[in-house]
Amino acid sequence: MTDDDIRRMVNEVFIESFEIEPAKIKPEANIFMDLGLDSLDVVDLVVALQNKFNVKIRSDERVRDIRTLADLQNFIIALRNEGAFTQNG
Amino acid sequence: MVKRVTTVLLNLWFYPLFVIYTLLAVPAMSLVVILSFPGTWRTALKRFRGAIKVYGNVIIKVLPFPWVRIRFKDYAPQEKAGPYIFVVNHPAATDAFLMAVLPGEIVQVVNKWPFKLPVLGQFARWAGYLSVNEMPYEEFFARAVRYVEEGVSVVVFPEGTRSSSKAMGQFHGAMFRVALKTQATIVPVCIWGNKDIPERGSMVLRPGTIKVHKLKAVVFDEYKEMNPFKLKNYIRRLIAVELEGM
Chain R
0 MTDDDIRRMV NEVFIESFEI EPAKIKPEAN IFMDLGLDSL DVVDLVVALQ NKFNVKIRSD
60 ERVRDIRTLA DLQNFIIALR NEGAFTQNG
Chain G
0 MVKRVTTVLL NLWFYPLFVI YTLLAVPAMS LVVILSFPGT WRTALKRFRG AIKVYGNVII
60 KVLPFPWVRI RFKDYAPQEK AGPYIFVVNH PAATDAFLMA VLPGEIVQVV NKWPFKLPVL
120 GQFARWAGYL SVNEMPYEEF FARAVRYVEE GVSVVVFPEG TRSSSKAMGQ FHGAMFRVAL
180 KTQATIVPVC IWGNKDIPER GSMVLRPGTI KVHKLKAVVF DEYKEMNPFK LKNYIRRLIA
240 VELEGM
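Listed in order, the protein sequences are those of chains R and G.
Everything in the first sequence is counted per numbering that gives the first Met the number 0, starting at 0 for the first residue and increasing by one.
Everything in the second sequence is counted per numbering that gives the first Met the number 0, starting at 0 for the first residue and increasing by one.
Pulled out of the complex, with its shape left as it was, chain R reads as follows (with noise of 0.2 angstroms):
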């Protein structure tokens, strides 16, 4: 799985799960502000993300300080490269 796999499924978990429009979905769209999530969304956020890519996402530092969609992409990339979704998936 590429990066560029990696951001177009993130962004598939927005439209799809959320329906957002894709105009809106752009790397530095804030999560919060711009994308209209609260912190309950992001509960159901992170459970669209884990199975999507079948991984377990626990929460930790790198978690709380994502605020832009290239930042939940990076995050999802970095997964990857810890093997995280070879480990659980």
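Derived from the structure by calculation, the hints contain no laboratory data.
Keep in mind that a hint or two might mislead.
Said to hold, decoys possible - Listed below are the simulated SDA-like cross-link pairs for lysine to any residue, each with C-alpha atoms no more than 20 angstroms apart in a straight line:
1. Lys223/G with Glu18/R
2. Lys45/G with Ala99/G
3. Lys210/G with Trp66/G
4. Lys229/G with Ser16/R
5. Lys72/G with Asn56/G
6. Lys72/G with Gly192/G
7. Lys229/G with Phe31/R
8. Lys23/R with Tyr233/G
9. Lys229/G with Val46/R
What the hints assert, rightly or not - So the derived list for chain G, only partly shown, Cβ under 10 angstroms to chain R, looks like this:
10. Pro157
11. Arg176
12. Lys231
13. Asn232
For each residue, glycine too, the CB sits at the ideal point set by N, CA and C.
With chain R's structure known, arrange chain G on it following the hints.
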């Protein structure tokens, strides 16, 4: 010049009356509760919440008249008495008082600061208003669900903080999860015209007309297929469209 004089007159008139009226209303409202016994606690609470609405209606409609006028427009006055989840935009600090125009028994979901107001904060606590930032989400959810199931309407300002403009902030979805759980009817409500009554960071009231529009109810059948995220944005759009024309 005329504007300045009317502003001074309004404030010289309103605030002393507000204090006197509140000092008289506090024992009267306490009496309402005392006279509810012997009876159930539920009956006492219902009467107390009713008394708060009467108090609020006098504050917003009588005391500042004729300098401040309330124009309440109800798009569906024939609808049943509730319970509803009233979803309201939040342009100013006085929004909570304006909710006295809404029908039925209501509690409000408020921030921390209204609970810190002298007397009124204690009344809000006794009436069972929910301080959303002072309780875990699970407790908030359980209490809000219980209110709706008991037939009490819940007023929520899902922006969480004042917007001061027609460009609303993003909505928080907690109350929409309550709606999906209870299958409650949602009523969008729009407020406009009070951002300077008083303006943010000031106590000075300025003359003007405040509009409150209660929109047509959105019943469970209309939103049952939506997830909380989609539902909150659907209701937000309904309010935004109405606000544009206010």
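Cross-check of the supplied hints:
| no. | hint | in the structure |
| --- | --- | --- |
| 1 | Lys223/G with Glu18/R | holds, 16 angstroms |
| 2 | Lys45/G with Ala99/G | holds, 14 angstroms |
| 3 | Lys210/G with Trp66/G | holds, 14 angstroms |
| 4 | Lys229/G with Ser16/R | holds, 9 angstroms |
| 5 | Lys72/G with Asn56/G | holds, 15 angstroms |
| 6 | Lys72/G with Gly192/G | holds, 14 angstroms |
| 7 | Lys229/G with Phe31/R | holds, 15 angstroms |
| 8 | Lys23/R with Tyr233/G | holds, 17 angstroms |
| 9 | Lys229/G with Val46/R | holds, 17 angstroms |
| 10 | Pro157 | holds, 9 angstroms |
| 11 | Arg176 | holds, 7 angstroms |
| 12 | Lys231 | holds, 8 angstroms |
| 13 | Asn232 | holds, 6 angstroms |
Consistency with the previously given hints is maintained throughout, with no hint failing.
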